[in-house]
Amino acid sequence: MNWTKKDLLEIKDLTKDEILLIIETAESFKEISLREIKKVPTLRGKTVITLFYEPSTRTRTSFEIAAKRLSADTINISASTSSFVKGETLKDTGKNLESMKPDVIIIRHSMPGAPHILAKILKSSIINAGDGAHEHPTQALLDLFTIKEKKGKIDGLKIVIIGDIMHSRVARSNIFALKQFDTEIICCGPATMIPPYVEKLGVTVEYNINKAVKDADVIMMLRIQKERGGISYIPSIREYAVLYGLKKAHLENAKKDVIVMHPGPINRGVEISDEVADGEYSVILDQVENGVAVRMAILYLLTGREQ
Amino acid sequence: MKILIKKGRVIDPKNNIDEILDVYINGNIIEKIGKNIKEKGGEDFIIDATDHIVAPGFIDVHVHLREPGYEYKETIKTGTMAAAKGGFTSVLCMANTDPVNDNRSVTEFILKKAKLEGSCRVFPCGAITKGLKCEELSEIGDMFDAGIIAISDDGKSVKHSGVLRKALEYSKIFGIPVISHCEDTDLSQGFINEGIASVLSGLDAVPSIAEEIIVQRDIMIAKYVNATIHLTHISTAGSVDIIGREKDNYKKITCDTCPHYFTLTEEATLKFDTNTKVNPPLRSKKDVEAIKEGLKNGIIDIIATDHAPHDLPSKDVEFNLAASGISGLETALALSLTLVHEGVLTLSELIKKFTVNPARLLKLPYGDLKEGNTADVIVFNPYIEWIVDKNTFLSKGKNTPFHGWKLKGKNLLTIVGGEIVYRDGLI
Chain L
61 MNWTKKDLLE IKDLTKDEIL LIIETAESFK EISLREIKKV PTLRGKTVIT LFYEPSTRTR
121 TSFEIAAKRL SADTINISAS TSSFVKGETL KDTGKNLESM KPDVIIIRHS MPGAPHILAK
181 ILKSSIINAG DGAHEHPTQA LLDLFTIKEK KGKIDGLKIV IIGDIMHSRV ARSNIFALKQ
241 FDTEIICCGP ATMIPPYVEK LGVTVEYNIN KAVKDADVIM MLRIQKERGG ISYIPSIREY
301 AVLYGLKKAH LENAKKDVIV MHPGPINRGV EISDEVADGE YSVILDQVEN GVAVRMAILY
361 LLTGREQ
Chain X
0 MKILIKKGRV IDPKNNIDEI LDVYINGNII EKIGKNIKEK GGEDFIIDAT DHIVAPGFID
60 VHVHLREPGY EYKETIKTGT MAAAKGGFTS VLCMANTDPV NDNRSVTEFI LKKAKLEGSC
120 RVFPCGAITK GLKCEELSEI GDMFDAGIIA ISDDGKSVKH SGVLRKALEY SKIFGIPVIS
180 HCEDTDLSQG FINEGIASVL SGLDAVPSIA EEIIVQRDIM IAKYVNATIH LTHISTAGSV
240 DIIGREKDNY KKITCDTCPH YFTLTEEATL KFDTNTKVNP PLRSKKDVEA IKEGLKNGII
300 DIIATDHAPH DLPSKDVEFN LAASGISGLE TALALSLTLV HEGVLTLSEL IKKFTVNPAR
360 LLKLPYGDLK EGNTADVIVF NPYIEWIVDK NTFLSKGKNT PFHGWKLKGK NLLTIVGGEI
420 VYRDGLI
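Taken in order, these protein sequences are the chains called L and X.
So the first sequence is numbered by my numbering: it starts at 61 and just counts up by one.
So the second sequence is numbered by my numbering: it starts at 0 and just counts up by one.
Just chain L, with the same shape it has in the complex:
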């Protein structure tokens, strides 16, 4: 199949075939990062802008490296240095950037639907790098890529997502993506952090972490989204760490070959213990590595789409 979409805004928009196309394309790109000369000319002459209204280390760097390895020119804009602080609206910022003829604008924003505003009015391809608690599609795609790489498949797996699911765009995008496959998804966390009506997405809710991780193939940990008020949903970090921090003992109930994932940044000793984060089951750094390949694939597919 061929890619036809201008933008990557939500996993909800994607078909299973489109998800698989991205993963397959990423598989072929992964090798480039292992070469001595880590660069191919695929996107030479293309301009990629990252427009970040929220802090980011991994995602922004990952996108920039992905674009550079494909020979695109990259420009990074963050809210603190942009006209945002002078009161310019998102729409006006987008229109002004478009005047300089970028091919792709990658946006991260604290408010759901912000990338959609740009997608609607701009000719450039828009990639959602996280919009509030809504979606983080490239994270979910790199997570699926990693799961497929480690497990050889996605169908038939039991995946447990643990933490502040209410405020997590990573959880949402992963649920939407994994539901396209034959998977069992358990959401685990304090009742205050489980979004009401989440079971309508076809997932099961389990408050007890010991029960949740039983026979799990994949455990995805989430941090507390302090920037979205997550902290007021629990009595204390201390109690949270006791009840929902993933410790080595929990893994004994999971499948023998369980993998532990985390989109980062991790809060050691809160949602994940050192021994798990750095342990043999952890694939956290593989996720980061795969992020570059997946983002290369997405940039390649969007800019080379069939018009």
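Any given hint could be a false lead.
[Said to hold, decoys possible] With a straight-line cut-off of 30 Å between C-alpha atoms, the simulated DSSO-like cross-links for lysine-lysine are:
| id | chain 1 | residue 1 | chain 2 | residue 2 |
| --- | --- | --- | --- | --- |
| 1 | L | Lys151 | X | Lys362 |
| 2 | L | Lys180 | L | Lys239 |
| 3 | L | Lys146 | X | Lys397 |
| 4 | L | Lys286 | L | Lys274 |
| 5 | X | Lys362 | L | Lys72 |
| 6 | L | Lys183 | X | Lys397 |
| 7 | L | Lys239 | X | Lys284 |
| 8 | X | Lys270 | L | Lys146 |
| 9 | X | Lys362 | L | Lys183 |
| 10 | X | Lys284 | L | Lys180 |
| 11 | X | Lys270 | L | Lys65 |
| 12 | X | Lys270 | L | Lys66 |
| 13 | L | Lys260 | X | Lys6 |
| 14 | L | Lys286 | X | Lys158 |
| 15 | X | Lys362 | X | Lys158 |
| 16 | L | Lys180 | X | Lys397 |
| 17 | L | Lys72 | X | Lys270 |
| 18 | L | Lys307 | L | Lys274 |
| 19 | L | Lys66 | X | Lys397 |
| 20 | L | Lys286 | X | Lys284 |
| 21 | L | Lys161 | X | Lys270 |
| 22 | L | Lys151 | X | Lys158 |
| 23 | L | Lys151 | X | Lys397 |
These are calculated hints, taken from the structure and not from any lab test.
With the hints as your guide, set chain X onto chain L.
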């Protein structure tokens, strides 16, 4: 002016009229209603209303005219033009202007402006509390003397139960209703319904109980002090339930809903179209069904628009930042006629919710077509199909989620006090 409207289907629920009749308007009154009224000569207009409905002018108990203070969103002039186009001959305008209508001078300003520039009757609703701050009562008596006919802090709930109690007690002196916007703001820190929409979009949500808790509270206080309470823009199944139950043993409760609450579900918000952002938010399918059922069984007395016009910059931003509200006056009739086309209401039942019931609530001498009454009359066609084009709105507020919708039913003629204030070329 003399106007003869011939051969229309005259529907006047208050006087139990529903038949093909002629209506003769002389000066500002309805002189005669009957079969085959002869022309006397000297008529300014003779209108053939064959296949059309002739009804009392509609009364909207909930509009925002935005003047004074927000003239860039709407003015009394443009808002009443939109009202006239929509078939409304009287509107009750809410107090959340700038300055707030919490004193005689603002009330007088609104009435003076309306008299000079209005296309329909404007009745101001006074603020319950000074500055809508929920601290001290406004000078309700002084405003009543100046012309308010109801009080409301609409846009906000009266958060403090003690203040609301005093307002309800005080309203009895003047015999005016307290109109309640029901929202527990401790629970409603969000932008859309808590349900499938919030779980899919990640937007902060407003649960239905945020409305229902206040519906129940306000009714309990009104009942306790024996005052008249009107609950506006009801949107949830739970509210319909509570109101239905309470109405059985206390008669001074009425409520209204708006066309968007029986037309759209929360799923309309999923594309982040800020024109679907409204307070209370669009609800679930189950709620929409309950609202329709409430309209059918009479628990919901009135259809109001909550006409909330906004300028483009207030809406053309991120969903979180966008202002709430829908510009509703020019689509209300057609959207409500869907209830008739779907068999939920008869035409007469629908007209009642736009005329007799609001007139009774506000104690207005309008809303029916009795001979000798003031001639507030509309003529509409319930079957004409048209496509909503926000650019043709007379309201300054182009904020509608219905742009591009094909609707059935259109108001064609509006007469206020014997004067034609709106006429569509089709008639």
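Verification of the hints:
1. L:Lys151 to X:Lys362: This hinted pair is violated, its Cα atoms lying about 48 Å apart.
2. L:Lys180 to L:Lys239: holds, 27 Å
3. L:Lys146 to X:Lys397: Holds, at about 28 Å.
4. L:Lys286 to L:Lys274: holds, 28 Å
5. X:Lys362 to L:Lys72: At roughly 52 Å apart (the allowed maximum being 30 Å), L:Lys72 and X:Lys362 break the hint.
6. L:Lys183 to X:Lys397: holds, 25 Å
7. L:Lys239 to X:Lys284: Cα-Cα ~24 Å, so holds.
8. X:Lys270 to L:Lys146: This hinted pair holds, its Cα atoms lying about 28 Å apart.
9. X:Lys362 to L:Lys183: Judged against 30 Å, a Cα distance of about 56 Å means the pair is violated.
10. X:Lys284 to L:Lys180: Judged against 30 Å, a Cα distance of about 28 Å means the pair holds.
11. X:Lys270 to L:Lys65: Holds. X:Lys270 to L:Lys65 sits at ~17 Å (cutoff 30 Å).
12. X:Lys270 to L:Lys66: holds, 16 Å
13. L:Lys260 to X:Lys6: Roughly 54 Å separates the two Cα atoms, so the pair is violated.
14. L:Lys286 to X:Lys158: Status holds; Cα separation ~29 Å.
15. X:Lys362 to X:Lys158: holds, 27 Å
16. L:Lys180 to X:Lys397: holds, 19 Å
17. L:Lys72 to X:Lys270: holds, 11 Å
18. L:Lys307 to L:Lys274: holds, 14 Å
19. L:Lys66 to X:Lys397: holds, 29 Å
20. L:Lys286 to X:Lys284: violated, 33 Å
21. L:Lys161 to X:Lys270: With a Cα-Cα distance of about 26 Å, the restraint between L:Lys161 and X:Lys270 holds, given a limit of 30 Å.
22. L:Lys151 to X:Lys158: Answer violated: L:Lys151 to X:Lys158 is near 36 Å, above 30 Å.
23. L:Lys151 to X:Lys397: Holds, because 19 Å separates the two Cα atoms, which is no more than 30 Å.
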